[in-house]
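Once you've looked at the hints, dock chain B against the given chain A.
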Amino acid sequence: MSAAQTAAAPLLAVSGLGKRFGGFVALENIDLTIAEGERVGLIGPNGSGKSTLVNCLCGTLRNETGSVLFDGRPLDGLIAHERTRLGLARSFQLPKPFHTLNLIDNLRVPLLYTVNARPGHSLSDTDVRARCEELLQAVALADKARRLPRDLTQVEMRKLELARAVATEPRLLFADEAMAGLSPSEVEEIIAVLLRLNQQGITIVLIEHIMRAVMSFSTRLLVLVAGQKIADGLPQEVMRNPEVERAYLGE
Amino acid sequence: MRTGTFLIAAALVGLAIVVLTRIFFTNEYFFFAAYVVLQYIVLSTAWNILGGYTGYINFGTGAFFAIGAYSSAVLHKLPALLKTFDILIPAVPLPVMIVVGGIVSGIVGLGTGYLTLRLRGVFFAIATLALSVVVQTLIVNWDYVGGSRGIYIIRPAQAPLGGGYIQYLYTLMMALSVISVCIARWIERSRLGLGFAAIRDDELAAEAGGVPTLRLKLIATTLSGALMGMAGAPLPYYVTYLDPGSSFNLAYAVNSVAMPVIGGMTSWVGPIIGAVILGTIQQLATVTISSALNLLIVGVLLILFVIIAPNGIMGLISARQRRRAAIIEAAVQQRQAAA
Numbered sequence: 001m002s003a004a005q006t007a008a009a010p011l012l013a014v015s016g017l018g019k020r021f022g023g024f025v026a027l028e029n030i031d032l033t034i035a036e037g038e039r040v041g042l043i044g045p046n047g048s049g050k051s052t053l054v055n056c057l058c059g060t061l062r063n064e065t066g067s068v069l070f071d072g073r074p075l076d077g078l079i080a081h082e083r084t085r086l087g088l089a090r091s092f093q094l095p096k097p098f099h100t101l102n103l104i105d106n107l108r109v110p111l112l113y114t115v116n117a118r119p120g121h122s123l124s125d126t127d128v129r130a131r132c133e134e135l136l137q138a139v140a141l142a143d144k145a146r147r148l149p150r151d152l153t154q155v156e157m158r159k160l161e162l163a164r165a166v167a168t169e170p171r172l173l174f175a176d177e178a179m180a181g182l183s184p185s186e187v188e189e190i191i192a193v194l195l196r197l198n199q200q201g202i203t204i205v206l207i208e209h210i211m212r213a214v215m216s217f218s219t220r221l222l223v224l225v226a227g228q229k230i231a232d233g234l235p236q237e238v239m240r241n242p243e244v245e246r247a248y249l250g251e
Numbered sequence: 001m002r003t004g005t006f007l008i009a010a011a012l013v014g015l016a017i018v019v020l021t022r023i024f025f026t027n028e029y030f031f032f033a034a035y036v037v038l039q040y041i042v043l044s045t046a047w048n049i050l051g052g053y054t055g056y057i058n059f060g061t062g063a064f065f066a067i068g069a070y071s072s073a074v075l076h077k078l079p080a081l082l083k084t085f086d087i088l089i090p091a092v093p094l095p096v097m098i099v100v101g102g103i104v105s106g107i108v109g110l111g112t113g114y115l116t117l118r119l120r121g122v123f124f125a126i127a128t129l130a131l132s133v134v135v136q137t138l139i140v141n142w143d144y145v146g147g148s149r150g151i152y153i154i155r156p157a158q159a160p161l162g163g164g165y166i167q168y169l170y171t172l173m174m175a176l177s178v179i180s181v182c183i184a185r186w187i188e189r190s191r192l193g194l195g196f197a198a199i200r201d202d203e204l205a206a207e208a209g210g211v212p213t214l215r216l217k218l219i220a221t222t223l224s225g226a227l228m229g230m231a232g233a234p235l236p237y238y239v240t241y242l243d244p245g246s247s248f249n250l251a252y253a254v255n256s257v258a259m260p261v262i263g264g265m266t267s268w269v270g271p272i273i274g275a276v277i278l279g280t281i282q283q284l285a286t287v288t289i290s291s292a293l294n295l296l297i298v299g300v301l302l303i304l305f306v307i308i309a310p311n312g313i314m315g316l317i318s319a320r321q322r323r324r325a326a327i328i329e330a331a332v333q334q335r336q337a338a339a
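Protein chains in written order, with our numbering: chain A, 1 to 251; chain B, 1 to 339.
Same shape as in the complex, but just chain A (with noise of 0.2 Å):
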């Protein structure tokens, strides 16, 4: 353990969680902890559970077992939109953008619906506005603000992905598959995002096949295979533990 990590509680604790689908055992007795600020790398091969976790931890699927912590505060019996507005968000491996609203209103609803919604925050029309331009602006998105999202092209719908995400202003963001199908200077560009992001101190969980990214971007990684953790510490050590290499490179 790092010494941010022994020093202050975590930010998200996690035990025992265990997720089942019928007779199929998604996710098993996960433990782990995240400090604020850190980088975190999920990794796995595919079916490995890393998107029933998010599920869980962000509350779109139920865990049967196990309890989440987020900030000291138990997230246990807590629907989704509840943990989103404590501060916890996420963006989707395929994005889900709202297709039939332009690219401001998409970012209106987090808006309104997360951060309006906190006590002692109320921004009202202009404020939303301005955040709105200032978040489109953050992606490079800005000249597209009264376009729909089927007139985007693949990175620039992950960018909304993101920019929806972070209007929620979280404190720990799940970014799932930010990166798939992108090409490598597109894979650039999302990394510099989240790293400006952690930067501004949102704590960020990186879920990603493209291993130069989760390598180049993670101060921890954490590898889940067949619904069980088996590995979590430093990149470079993670990288080389026997069982991790098994599960990818095979025997």
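Since the hints were derived computationally from the structure, they do not count as laboratory data.
Treat the hints with caution; some may be incorrect.
[As the list claims (entries may be wrong)] Taking lysine to aspartate or glutamate and the EDC-like style, the derived pairs with C-alpha atoms no more than 16 Å apart in a straight line are:
(1) A/Lys-144 to B/Asp-202
(2) A/Lys-96 to A/Glu-177
(3) A/Lys-144 to A/Glu-156
(4) A/Lys-96 to B/Asp-201
(5) A/Lys-96 to B/Glu-188
(6) A/Lys-96 to A/Glu-156
(7) A/Lys-96 to B/Glu-203
(8) A/Lys-96 to A/Asp-151
(9) B/Lys-77 to B/Asp-143
(10) A/Lys-96 to A/Glu-82
[What the hints assert, rightly or not] Just a sample of chain B residues kept apart from chain A, beta carbon distances all over 10 Å, derived:
(11) Ala-11
(12) Ala-80
(13) Leu-81
(14) Pro-95
(15) Arg-120
(16) Trp-142
(17) Tyr-165
(18) Arg-185
(19) Leu-194
(20) Ala-198
(21) Ala-206
(22) Val-211
(23) Leu-214
(24) Thr-288
(25) Ile-308
(26) Leu-316
All C-beta atoms in this analysis are idealised placements derived from N, C-alpha and C, irrespective of residue type, glycine included.
Below, chain B without anything else, positioned relative to chain A:
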């Protein structure tokens, strides 16, 4: 335009239409026909609040409509019932019945929503269809409101606001149309409407954005149900003979789906256009050809629109506007490039 201003403008337009038609049309049949068209403006606007804004397709319009109608029937018989217990109350005025019908249907909408909104897509639609059957069965077996025999309702001898009783019903339905259209337009421009649209486009993403989806969907079913009930409340006085067969008529469910589809589901204007066009065609066909032709016309128009213009008439207009804007934008860019 602000909601308050729009409300005043809409009320003035409604009032002007009522005054002008009541001056220029002396034929009672006009009011009979116009009442039906206005009733469909209310029904399709109400349907669209749930179906168009949040994307939950409701085939149970007939149930909510009939609940409004039958709650009026109960209120109509109430003074006589209370008299047997030596409690004397005057006849319940129709506007009160409309409010009560709205409240009862709204509660049923809330209950139905609570039980069914965990179902998505086609399963929700099937559940609403089932609701119609359940409510109809209850009414058929409820003797106090006539059961399957039906019930005769005698109109009051005097109509308020001058003129005949049908003119009075027509005026009330115009007021309901104005109210429901104003509610729909207000929703569209409010935070609520934005949340509805997010639910329609992607419910998981809406939740992730902090939208309390269940609560919003319950608001939609309650509002939609209440407006349908209000549209049904004057029915007993319109038909003067209320029976389950006519009040649960399939036409209400089919028309209130077809009208927003034909007019366009994403804006408050769509259901009005759909109701006016389809409602008028149906009324004309009833007089000139046959009343049985109505559903055939709806069916054919519905198929045509679903194939040719799935976003309805409003969708055609906004697509045209977008194309124009794109052409203008391209021209501007070309000019800038040349300069």
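For each hint, the structure was consulted:
1. Between the alpha carbons of A/Lys-144 and B/Asp-202 the distance comes to roughly 21 Å, so the proposed pair goes past 16 Å and is violated.
2. With a C-alpha separation of about 13 Å, the suggested pairing of A/Lys-96 with A/Glu-177 holds against the 16 Å cut-off.
3. A distance of roughly 10 Å separates the Cα atoms of A/Lys-144 and A/Glu-156; the hinted pair therefore holds under the 16 Å criterion.
4. Simply put, A/Lys-96 and B/Asp-201 have alpha-carbon atoms about 9 Å apart, close enough for the 16 Å limit, and the pair holds.
5. At roughly 22 Å between alpha-carbon atoms, A/Lys-96 and B/Glu-188 are farther apart than 16 Å, so this suggested pair is violated.
6. With a C-alpha separation of about 12 Å, the suggested pair A/Lys-96 and A/Glu-156 falls inside the 16 Å cut-off, and the hint holds.
7. Pair hint A/Lys-96 plus B/Glu-203 holds up; C-alpha atoms about 9 Å apart against a cutoff of 16 Å.
8. Simply put, A/Lys-96 and A/Asp-151 have alpha-carbon atoms about 14 Å apart, close enough for the 16 Å limit, and the pair holds.
9. Our distance criterion of 16 Å between C-alpha atoms is met by B/Lys-77 and B/Asp-143, whose separation comes to about 12 Å.
10. Our distance criterion of 16 Å between C-alpha atoms is broken by A/Lys-96 and A/Glu-82, whose separation comes to about 19 Å.
11. Non-interface status of B/Ala-11 relative to chain A is upheld: no Cβ of that chain comes within 10 Å, the nearest being about 26 Å off.
12. Even its closest Cβ contact with chain A, about 49 Å, leaves B/Ala-80 beyond 10 Å, as expected for a residue assigned away from the interface.
13. The beta carbon of B/Leu-81 is kept farther than 10 Å from every beta carbon of chain A, the shortest such distance being approximately 45 Å.
14. No Cβ of chain A approaches the Cβ of B/Pro-95 within 10 Å, the least distance being about 36 Å, so the stated non-interface status holds.
15. Every CB of chain A is more than 10 Å from the CB of B/Arg-120 (nearest about 14 Å), matching its label as outside the interface.
16. At roughly 39 Å, the least C-beta separation between B/Trp-142 and chain A is larger than 10 Å, which holds for a residue marked as non-interface.
17. Listed as outside the interface, B/Tyr-165 is consistent with that label: its C-beta sits roughly 44 Å from the nearest C-beta of chain A, beyond the 10 Å cut-off.
18. Interface exclusion of B/Arg-185 from chain A stands, the closest Cβ pair being 17 Å apart, more than 10 Å.
19. The claim that B/Leu-194 is not at the interface with chain A is violated, since a C-beta of that chain comes within 10 Å of its own (minimum 6 Å).
20. A Cβ of chain A approaches the Cβ of B/Ala-198 within 10 Å, the least distance being about 5 Å, so the stated non-interface status is violated.
21. For B/Ala-206, the shortest C-beta to C-beta distance to chain A comes to about 7 Å, within the 10 Å cut-off, and the non-interface label is violated.
22. Residue-level check failed: B/Val-211 sits 5 Å from the nearest beta carbon of chain A, not beyond 10 Å.
23. Not every beta carbon of chain A lies more than 10 Å from that of B/Leu-214, the smallest distance being close to 8 Å; the non-interface claim is violated.
24. A cut-off of 10 Å between C-beta atoms confirms that B/Thr-288 is not in contact with chain A; the least separation is 39 Å.
25. Remark: the non-interface label on B/Ile-308 is consistent with the geometry, its nearest Cβ contact in chain A lying 20 Å away (cut-off 10 Å).
26. Against chain A, the non-interface label of B/Leu-316 holds: every CB pair exceeds 10 Å, the least being about 16 Å.
The structure shown violates the earlier hints numbered 1, 5, 10, 19, 20, 21, 22, 23.
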